[in-house]
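Whole structure, please, built from the sequences with the hints as guidance.
In order, the protein sequences belong to chains W and U.
Number 288 in the numbering used here belongs to position 288 of the first sequence; there are no gaps in the numbering.
Remember, the numbering used here sits 764 above the position in the second sequence when you count from 1.
Worth double-checking, as some hints may not be accurate.
Said to hold, decoys possible - Think about it this way: if two alpha-carbon atoms lie no more than 25 Å apart in a straight line, the pair counts; the simulated BS3-like pairs of lysine-lysine are:
1. Lys450(W) with Lys1028(U)
2. Lys1040(U) with Lys1019(U)
3. Lys970(U) with Lys1054(U)
4. Lys1028(U) with Lys758(W)
5. Lys787(U) with Lys131(W)
6. Lys1028(U) with Lys1040(U)
Unchecked claim - Among the chain U residues that face chain W by a calculated CB cut under 8 Å, a handful are:
7. Gly824
8. Ser826
9. Phe948
10. Lys1024
11. Arg1025
To be verified - Partner residues are not named here, just some residues of chain U that face chain W (Cβ under 8 Å, in silico):
12. Ile808
13. Pro810
14. Glu811
15. Glu821
16. Val901
17. Pro950
18. Arg951
19. Thr952
20. Met954
21. Thr1027
22. Phe1030
23. Glu1033
24. Val1037
Treat the hints as calculated values from the structure; they're not laboratory data.
Where is the CB? At the ideal position from N, CA and C, for every residue including glycine.
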Amino acid sequence: MAHDILDNSGFSADRKLKIVGTNPIKHDGWDKVTGAAKFSSDIVLPGMLVGKVLRSPHAHAVIKSIDTSAAEKLSGVKAVVTRADFPEIKEGTPYGDMTRMVIAREKVYHEGHPVAAVAATSESIAKRALKLIKVEYEVLPHVIDPVEAMKPDAPVLHAYMRTKGAKPGDAKVWADKASNVVERYELGVGDVAKGFAEAEFVVEHVYDTKPMHQGYIEPQSCVATASEEGEVELWCCTQAPFVYRDRLSEILKMDSSKIKVQQSELGGGFGGKTAFYAEPIAIQLARKARRPVKITFTRSEVFRGTGPVSGTQSRIKIGCRKDGTITAAEAELVFQTGPYSGSAFTNAPQAMFTRYDLPNVKTVSYEVVSNRPKVASFRAPCVPQVVFGVEDVMSELATKIGMDQIEFRLKNAMADGATTIYAEKFGKIGFIETLEAAKNCEHYKSPVPKGCGRGISTGFWFNRGGETSSSLQVAPDGSVTITLGTADVAGSRISISMMVAEELGIPVDKVRAVLADTHQLGFNRVTAGSRTTFSQGVVLVDCSRKVIKEMAGRAARIWKVPEEGVMFEDGMFRPASTNVGEFKPLSIADIAKQTTNTEGAIAARSDMNVTGAGPGFGCHIVDVKVDEETGFTEIVRYTVVEDAGKAIHPLQVEGQFQGGAVQGIGWALNEEYIFGTDGKMQNPGFLDYRMPVASDVPNIDTIIVEVPNPKHPYGLRGVGEVPVVPTMAAIANAIGNCIGIRPRSLPMSPPRLLKLLKEKKGKA
Amino acid sequence: MSELRYEAPESVSAAVALLAGAKGMARVLAGGTDVIVQMETELIEPELIVDIKKIPEVRGISAENGGFRVGAAATGMQICDHKEFARTWPGVIEGVKLIGSIQVKGRASMGGNLCNASPGADSVPPMFTAGAIARVVGPKGVREVPVEQIPTAPGKTSLAKDEIVTSFFFPARPKRSGDAYQRFTPRTEMDIAVTGVAINLSLDDKGVCTAARVAIGAVAPTALLVKDAGAALVGTKVDDAAIEKMVAAARAACKPIDDKRGTKEFRIEVTGVLAKRVAKAALERALANK
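Right, dumping it as structure tokens:
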């Protein structure tokens, strides 16, 4: 179906806005700050059982046998499930791999890999039952480090796996025998040999980054029920209710129409709640026990059983002329995934240099399996890791040619109409405006505080649209509900409600957003990629315009005038001119209460594959101070500058900027999975997995740049991913300027920095 | 899995009797900030919990013989808010303040911090350097034990199964003395010490050090009182040369492990850095304490 709004958004820079651009209190905010909001673990059903998962103690092992008989006999145990309770799907296929991540079949692939589960009348009985399950393993050698995993003699996870895109001449991959390399992916433009020949300065370094966990506050939790008819209901915290439904349908071999997924309030996702873990297990337990089953993960299970982001190794080389013009760039990138593909690593070569207009680029990327939980999305999946290196090389080049850091980036900045390495031609973009705003801000112009170092970095994210299905209902009193098929991961309900209120000319308090279950709407793509406020803005503005048109028609019929005789202005339907006649203007409520004598309910729905997302660009400026005796880094000052297109709810936008930077600070400084030689994670809790605490970060200053995206009715661009992209690079550049040696490995924790400082002193 | 029995006796003798009669694992519960967490994460599965919070004598802070008696279950916030004690033992307060968050300190006690026997417990090194004496009560009566003799290994103490630490005595404090404690953590708070150093020293009228105790935490199976390090300061004006000797002795006493919280090399290095900083802080306090 064609949708006019995708071709003509109706955006106008001159439009006078009453609601968009203000900061009303989030409708869901009150319940969240008072603790009344219902998260998935708050759901309690009559007769509900407690589900618990038995997890592998080994990083890599063959499961020789599973004996659940003793557990089944324990009083209070109502169901036990293992691999035998899940349909067999061939390994090496998307759903075959997915079901094996939910529950191990032939082998366990990481410590914490689920092997069996029980449902019992109490948690203590469930825990006791787990101890009664006997699993016989044949332990195999394991490999976690991706560079180790690429070596010819590394333990192989999948004997059947052959590298996709293997190319003769590249000794890192082969096609004639099994390898841990899932895929070799090449992307480029121009002629790098020629480009480097033209360069007067070339810088090249190797970098590595570590996996980090999304660190959402709310551990995964779900409640499943099964009816006698075989219908399943699932309450869970998810970024993707429809995707969960359809994947459940595939791996459990059930019709999607028999599965209802209801999302709860979400206690953080950041990409980590785009894939299910315990949900299929809870469903199979509920079907077997014929009672509702709840599974709530402990934090340890979250760390040992759910996906972090990819760790990477990258080699990055850029050449430029004396005047600052970049002539060529080259990268070789290794991405760690878990036991199966799924890192979305192709984002990285596409995005890493995008914002600079480069004539010659060559990238080769590898995705490598390893014995750790399957990686999951996290803000701008795979991009911040490689920008960590790109922006170091950029900074070193700027220093070499004696150019201001921002000037050097401006010199090479993409402008409107630029074409990317992945062959997208940009429309109106705001990178230059973002750099100008950074260059002119007080922070950048201020002298670097004594004892500190300053770093800057930039970043890009595509921003997404995609399948979006939502509806709008006008109640007889003129208030409005909007039913959203996407998840609210970051406060999108208020921003979407504001756009609807602006369109309808009613106060935002009159609009209430409801998070739909999967029976209520058409398919909605995952809430990720900074797509939701953008896409729902398009869809709900479309719904709003449809109901306005409908109500204008009804006003015309009430007045007995032609439809073109009715105009809509400031929330009122009025005669378009005095020629139409003298009529008292009608409000939305005036029309909505007359559904009995007009054509019935006033509602609209839009189902679209939304296009027109505008790319996002950001620039971070950070000052740090390093204690050279202990290696401790203090973030002294931090400024995020980013193009939001149009900030619908500026405080929400600021929250995104700050949240991304804070997560990046943790990734930069201390967050790290620590594995023993046995492949077991040694720090599966927040005490030793060192995410920043409030006192570790300063207030993050924000500068919202607004270069409207004309494809959106209000000009907005997604803002969720860009804020983390430049962070680690900016901090590393600042540390480098503070101590005189630039770290190229994450995390830049005190022991590592102290070691670097000692090496530097040793050389001096 | 046996049923968990919870008892909250109102006297020390009743508590001791309960512990003496326990068949399986028994745990004394004061604030519960370690015990409950260990139960929750299934590190321990006790059969008996003896909550001592209903026993008045383990909860108070009072003056005694020119010093202080602090109940083993007095909460961290109670201790921090006791103005006289806080003025006298700023180094002990620095340790107590680092135990968890304000909420945690509303429950956590020095008795628990000591008897949990974590090598990284923050209030323990300054208790060592303060020369605090633990009052230990068991079926056979009362023992007065220097605190440094309580922890013996990670999670282990010299207490018998049926003994309870009921209080600590902090001795009278001479003028021109001062203490300090600092720890290193990669985060600013809510973290576990990678290393910690406490120093308590006294000066004579001429500014010469007459007594000094140095303790280190998180760098050996228990917190350690490093006698050589203290001795390096005695008879000096705590000048740079003396501090260097003290630092060397503190580093030499470190027996750390490489673990998730830090490397051996880093721990030894930073222990010395902190020892120097803490000596200067303690000296400054001693000089100001006229």
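Against the structure, the hints come out as follows:
1. A hinted pair counts as satisfied when its Cα atoms are at most 25 Å apart, and Lys450(W) with Lys1028(U) does not qualify at roughly 32 Å.
2. Restraint check: the Cα-Cα separation between Lys1040(U) and Lys1019(U) comes to about 19 Å, which is no more than 25 Å; the hinted pair holds.
3. Pair hint Lys970(U) plus Lys1054(U) holds up; C-alpha atoms about 12 Å apart against a cutoff of 25 Å.
4. Between the alpha carbons of Lys1028(U) and Lys758(W) the distance comes to roughly 15 Å, so the proposed pair stays at or under 25 Å and holds.
5. Among the hinted pairs, Lys787(U) with Lys131(W) is consistent with the structure: their alpha-carbon atoms are about 23 Å apart, no more than 25 Å.
6. Under the criterion of a C-alpha separation no larger than 25 Å, the hint pairing Lys1028(U) with Lys1040(U) is consistent with the structure, at around 19 Å.
7. Using the Cβ-Cβ criterion of 8 Å, the hint placing Gly824(U) at the interface with chain W is not satisfied: the shortest such distance is roughly 31 Å.
8. Nearest Cβ of chain W to the Cβ of Ser826(U): about 34 Å, over the 8 Å cut. The hint is violated.
9. The interface hint given for Phe948(U) is met, as the beta carbon of that residue sits about 6 Å from the closest beta carbon of chain W, less than 8 Å.
10. For Lys1024(U), the interface hint holds, the least distance from its beta-carbon to any beta-carbon of chain W being 5 Å, beneath 8 Å.
11. A least Cβ separation of about 7 Å between Arg1025(U) and chain W falls short of the 8 Å threshold, and the interface hint therefore holds.
12. The criterion of a C-beta within 8 Å of any C-beta in chain W is not met by Ile808(U), whose closest approach is roughly 14 Å, and the hint is violated.
13. The interface hint given for Pro810(U) is broken, as the beta carbon of that residue sits about 14 Å from the closest beta carbon of chain W, more than 8 Å.
14. Annotation: interface hint on Glu811(U) violated; nearest CB of chain W at approximately 14 Å, more than 8 Å.
15. The beta carbon of Glu821(U) comes no nearer than 33 Å to any beta carbon in chain W, farther than 8 Å, and the hint placing it at the interface is violated.
16. Among the interface hints, the one on Val901(U) is violated; its C-beta lies about 32 Å from the nearest C-beta in chain W, farther than the 8 Å criterion.
17. Evaluation of the Pro950(U) hint against chain W yields a held restraint, the C-beta minimum of about 5 Å falling below 8 Å.
18. With a cut of 8 Å, the hint placing Arg951(U) at the interface with chain W holds, because the nearest CB-to-CB distance is about 5 Å.
19. With its C-beta approaching chain W no nearer than about 4 Å, Thr952(U) sits inside the 8 Å limit, and its interface hint holds.
20. Taking 8 Å as the C-beta cut-off, the interface hint given for Met954(U) holds, the closest approach to chain W being about 5 Å.
21. The interface hint given for Thr1027(U) is met, as the beta carbon of that residue sits about 5 Å from the closest beta carbon of chain W, less than 8 Å.
22. With a cut of 8 Å, the hint placing Phe1030(U) at the interface with chain W holds, because the nearest CB-to-CB distance is about 4 Å.
23. Proximity of Glu1033(U) to chain W holds as hinted, the smallest CB-CB distance being about 7 Å (cut-off 8 Å).
24. Restraint check, Val1037(U) versus chain W: the minimum CB separation of about 4 Å is within 8 Å; hint holds.
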